[in-house]
Amino acid sequence: MLKLDSVSRTFPGGQEALRNIALELAQGEIVAMVGGSGCGKTTLLRLVAGLDAPSTGLIELDGAELHEPSADVGIIFQEPRLLPWLSVADNIGFGIAHLPRAEREARVSRALLRIGLAGFEKRWPRELSGGQAQRVAIARALVTQPKVLLLDEPFSALDAFTRASLHEHLLALWETDRVSLLIVTHDVDEAVTLADRIVVMQPKPGRIFTEIRVDLPRPRDRRSDAFHEVSRRVLDALDGSLSEGQSKPASGVSETAAFWW
Amino acid sequence: MSDTTLVHPRTEAAPGPTRRAVAWKGWLGLILPVMLAILLEIGVSAGWLEGRFTPPPSKIAATLHELVESGEWFRHGLATGWRVALGFLFGAGAGILLGTLSGALPLIRRLIDPTIQALRAVPSIAWVPLFILWFGIFETSKITLIAVGVFFPVYLGVLGAVLSIDRKVIEVGRVFRLSKLETGRRILLPATLPALVTSLRAGLGLGWMFVVAAEIMGASEGLGFLLVDGQQVGRSDLIVAAILSFALLGFLTDALLAAATRPYLRWRDDLSTTEKN
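Chains as they are written, first to last, in my numbering: chain Y, 5 to 265; chain X, 699 to 975.
Keep in mind that the hints were calculated from the coordinates and are not lab data. Treat the hints with caution; some may be incorrect.
[Stated by the list, open to error] Below, simulated DSS-like cross-link-like pairs (lysine-lysine); rule was C-alpha separation at most 30 Å, straight line:
hint	chain 1	residue 1	chain 2	residue 2
1	Y	Lys151	Y	Lys126
2	Y	Lys126	X	Lys723
3	Y	Lys208	X	Lys723
4	X	Lys866	Y	Lys7
[Said to hold, decoys possible] Sample of chain Y residues facing chain X (criterion: CB under 7 Å; computed from the structure):
hint	residue
5	Pro73
6	Ile79
7	Arg85
8	Pro88
9	Trp89
10	Trp128
11	Arg130
12	Gly134
[To be verified] Ranges of calculated distance between the beta carbons of each label pair, as one might list FRET restraints:
hint	chain 1	residue 1	chain 2	residue 2	range
13	X	Leu954	Y	Arg130	21 to 29 Å
14	X	Leu787	Y	Glu72	54 to 62 Å
15	X	Gly882	Y	Asp66	28 to 36 Å
16	X	Val820	Y	Arg130	39 to 47 Å
17	X	Trp832	Y	Ala106	57 to 65 Å
18	X	Leu726	Y	Arg130	30 to 38 Å
19	Y	Glu179	X	Leu954	26 to 34 Å
20	Y	Gly120	X	Gly791	42 to 50 Å
21	Y	Ala164	X	Ile868	56 to 64 Å
22	X	Lys878	Y	Arg130	27 to 35 Å
23	X	Ile868	Y	Arg217	34 to 42 Å
24	Y	Arg236	X	Asp864	39 to 47 Å
25	Y	Glu179	X	Lys878	49 to 57 Å
Glycine included, every Cβ here is placed at the ideal spot set by N, Cα and C.
Turn these sequences into a full structure, and let the hints steer you where they fit.
Encoded structure:
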């Protein structure tokens, strides 16, 4: 469905952010991208969102080339980026202003119900907690009914407990909508909790190092051995992605694994 | 647990006295002016002060009453208010237009901003002789002077507001594929509104300042004319009455502007909203 074909991005200053990225996302698939800083994860999402253009290569959605923001691609940023002068309801309905009023209101109230914020319509963004604000941002991206939802480290600013609850919210929304999710994260546990497939990136320039399938049934138990096994493989891959070309560490979790970022 | 039982009654009791104390302290500011007024009144009636130079409050009140009764106050007030209104309209309009253009388009900014900043260094009153030469001694030169005074704070405020709009918020507009016009209406305008209101209020304040300058230089009516008239006929009560009228009108128009825009600024997350909610 979403297809990136040998996508590269070199910034005007000559800095090569991404080299030769090939990636496909199936309908309803959840793919997580992890990697050290400077590996171009955010650049990649901005390319898919149409906020930036690849230097070479093609990005296609259902066979049509993407080169500007599309109604079929939603994005959630690291910060909620709610518009402070709009109420919660108006923020959620921001992207569907062109729809008839009744339809708009129905979609907004359904979205509020689904993110567990019914009754918050008239609140200002400043009155929301970080987790609530990010839920509103998710609702705002989903009411336009995109085919692909991009998430750029969306939960990194939240505490562990809020983050876990937002993972559940996101998965619940995903189960009904079956939208494809492409999520960038530096939290290995988050990647293993959410993704069907984890793409490990390698920095300078950003390239795909390896892919790891996650075949665990949902809901996933973070304390299970199988979960830890996958996490360990991802950490190993991250280690490898950083040290390739230098001294390659022996297999197993090395001491640097915890400090890969 | 013992901690909470200790803290609880203290936090409960705190708001009561504090709020009463604040309300009471608010009246403290009145002591000085009221004392001065009483001293002035007593001083003049006892003959320690000369009423011709230091008008007692009763005399000022009588003068104001007389001005209102005869309709003179409204004639002069209207003339002055009309000049401020026109000057404000032109000055603020130009300030908003050029500030927005200069903020949104780097090319325009490079073209016009240096000139405007240079002109800003000229004390506005210095333009008066030139304006009189160009526009004559009647309304046009006065209104132009007021407009010039209003223009600079509005231009600077709008320019600063447009330049400081968060790129991240603009990106939200791009993600939802807003057109240029929609981006202006749904993102730029609300994002710059708080700064716009602040700069309009600053501009209005300067408008009242410059109308005095304009009217002192020559006018046959207006509150500034009353000032000059009072000086020429040696009536300090008339001067103070005009000063008080300026203060009142300036305060009222500023409050009106603030009240008219407040509903659009309720969303702000700063001291102006949080202390009242």
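Each hint, compared with the structure:
Using a Cα cut-off of 30 Å, the hinted pair Lys151 (chain Y) and Lys126 (chain Y) holds, with the two alpha carbons roughly 29 Å apart. Our distance criterion of 30 Å between C-alpha atoms is broken by Lys126 (chain Y) and Lys723 (chain X), whose separation comes to about 36 Å. Taken as a hint, the Lys208 (chain Y) and Lys723 (chain X) pair is broken in the structure, with Cα atoms around 64 Å apart against an allowance of 30 Å. Straight-line distance between C-alpha atoms of Lys866 (chain X) and Lys7 (chain Y) comes to about 26 Å, which keeps the hinted pair within the 30 Å bound.
Nearest Cβ of chain X to the Cβ of Pro73 (chain Y): about 5 Å, under the 7 Å cut. The hint holds. Given hint, Ile79 (chain Y) at the interface with chain X, holds; its Cβ is 6 Å from that chain's nearest Cβ, closer than 7 Å. Against a cut-off of 7 Å between C-beta atoms, the interface hint on Arg85 (chain Y) holds, since the closest Cβ of chain X lies about 5 Å away. Of the supplied interface hints, the one on Pro88 (chain Y) holds, with its beta-carbon coming within about 5 Å of a beta-carbon of chain X, less than 7 Å.
The beta carbon of Trp89 (chain Y) is positioned within 7 Å of a beta carbon in chain X (closest approach about 4 Å), and the interface hint is therefore held. Interface restraint check: Trp128 (chain Y) against chain X, minimum CB-CB distance 5 Å, threshold 7 Å, status holds. Given the 7 Å rule on beta carbons, the hint for Arg130 (chain Y) holds: about 4 Å separates it from the nearest Cβ of chain X. Here the hint on Gly134 (chain Y) is broken, as its CB sits about 14 Å from the closest CB of chain X, past 7 Å.
Range check, Leu954 (chain X) to Arg130 (chain Y): Cβ separation about 27 Å, and the 21 to 29 Å hint holds. Remark: the range hint 54 to 62 Å for Leu787 (chain X) to Glu72 (chain Y) is contradicted by a beta-carbon distance near 40 Å. With their beta carbons about 32 Å apart, Gly882 (chain X) and Asp66 (chain Y) fall inside the hinted range of 28 to 36 Å. Hint check: Val820 (chain X) to Arg130 (chain Y), Cβ distance near 42 Å, so the stated range 39 to 47 Å holds.
For the pair Trp832 (chain X) and Ala106 (chain Y), the supplied restraint of 57 to 65 Å holds, since their beta-carbon distance comes to about 59 Å. The beta-carbon spacing between Leu726 (chain X) and Arg130 (chain Y), approximately 33 Å, falls within the hinted interval of 30 to 38 Å. At roughly 55 Å, the beta carbons of Glu179 (chain Y) and Leu954 (chain X) sit outside the given window of 26 to 34 Å. With their beta carbons about 47 Å apart, Gly120 (chain Y) and Gly791 (chain X) fall inside the hinted range of 42 to 50 Å.
The supplied range of 56 to 64 Å is broken by Ala164 (chain Y) and Ile868 (chain X), whose beta-carbon atoms lie about 32 Å from each other. Look at Lys878 (chain X) against Arg130 (chain Y): about 28 Å separates their beta carbons, and that is inside 27 to 35 Å. A hinted range of 34 to 42 Å for the beta carbons of Ile868 (chain X) and Arg217 (chain Y) is consistent with their spacing of about 38 Å. Distance hint check for Arg236 (chain Y) and Asp864 (chain X): the Cβ-Cβ separation is about 40 Å, which falls inside the suggested range of 39 to 47 Å.
For the pair Glu179 (chain Y) and Lys878 (chain X), the supplied restraint of 49 to 57 Å is violated, since their beta-carbon distance comes to about 39 Å.
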